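Trainee: Sequence:
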Amino acid sequence: MSRVASQEIAGKYGLGGAARGSGDGSSSSNEPSLQRQLEELKRKLKEDMRKELKIKEGAENLRKATTDRKSLAHVNSIVKKANSRLNDLQRQLSDLTADILVTQGHPSPQGKIPEVMSPVELQIEDLRHRLKVECAVVEGAKNVLKLCQAAGKVTDRKVFQEV
Numbered sequence: 001m002s003r004v005a006s007q008e009i010a011g012k013y014g015l016g017g018a019a020r021g022s023g024d025g026s027s028s029s030n031e032p033s034l035q036r037q038l039e040e041l042k043r044k045l046k047e048d049m050r051k052e053l054k055i056k057e058g059a060e061n062l063r064k065a066t067t068d069r070k071s072l073a074h075v076n077s078i079v080k081k082a083n084s085r086l087n088d089l090q091r092q093l094s095d096l097t098a099d100i101l102v103t104q105g106h107p108s109p110q111g112k113i114p115e116v117m118s119p120v121e122l123q124i125e126d127l128r129h130r131l132k133v134e135c136a137v138v139e140g141a142k143n144v145l146k147l148c149q150a151a152g153k154v155t156d157r158k159v160f161q162e163v
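Be aware that the sequence shown starts at 1, since it is given in full-length UniProt numbering, and climbs by one per residue.
It should be emphasised that the hints constitute simulated quantities derived from the structure, not laboratory data.
Only a predicted model underlies this, so the values are computations on that prediction, with no experimental measurement involved.
The C-beta atom is built at its ideal place from N, Cα and C for all residues, glycine as well.
Don't take every hint at face value.
What the hints assert, rightly or not - Simulated DEER-style distance windows between Cβ atoms:
(1) 131 - 65: 20 to 28 angstroms
(2) 118 - 70: 22 to 30 angstroms
(3) 94 - 58: 19 to 27 angstroms
(4) 63 - 124: 36 to 44 angstroms
(5) 94 - 4: 35 to 43 angstroms
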């Protein structure tokens, strides 16, 4: 991987000293250090996700036990914040995993990304992947609606308006 790409990835995660080479153009001696730091960040993100899941689970249990409307509204906001934080952590984890693959020199799961790509090209590839996932979700939702409609379980027309 190029020294510039290593520096960009290190800068993205605030690992300034990890990818700075000696100026001779070779970054291979610094890549293991960068790799270790990225793996440590990945471990920390997973740990943060576990904590948020516990917070969410506790708030959901509290929501089940709460009867007071004011407390229920507060608990619901905690659950929403935890969900939002979990989604953000998941996105960060997937971005970090992609960057780890780039630093290792492995091809992406699609196998189409060359070894060195500009940040814009990486973003475009990431957006394409996310679009494919969203399309798959839409197709799955359509299939569920078809199955429910065939079984006669869904009679409300509002459900089908967005499809």
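Trainee: Does each hint fit the structure? Answer for all of them.
Mentor: Status of the hints after comparison with the structure:
Look at residue 131 against residue 65: about 41 angstroms separates their beta carbons, and that is not inside 20 to 28 angstroms. Checking the proposed 22 to 30 angstroms range against residue 118 and residue 70 shows it is violated: the Cβ atoms sit about 52 angstroms from each other. Against the hinted window of 19 to 27 angstroms, the Cβ-Cβ separation of residue 94 and residue 58 comes to about 26 angstroms, which satisfies the hint. Restraint check, residue 63 to residue 124: a C-beta distance of roughly 41 angstroms satisfies the suggested window 36 to 44 angstroms.
Evaluation of the 35 to 43 angstroms hint for residue 94 and residue 4 yields a failure: the beta carbon distance comes to about 23 angstroms.
Checked against the numbered hints given earlier, this structure breaks hints 1, 2 and 5; the rest are met.
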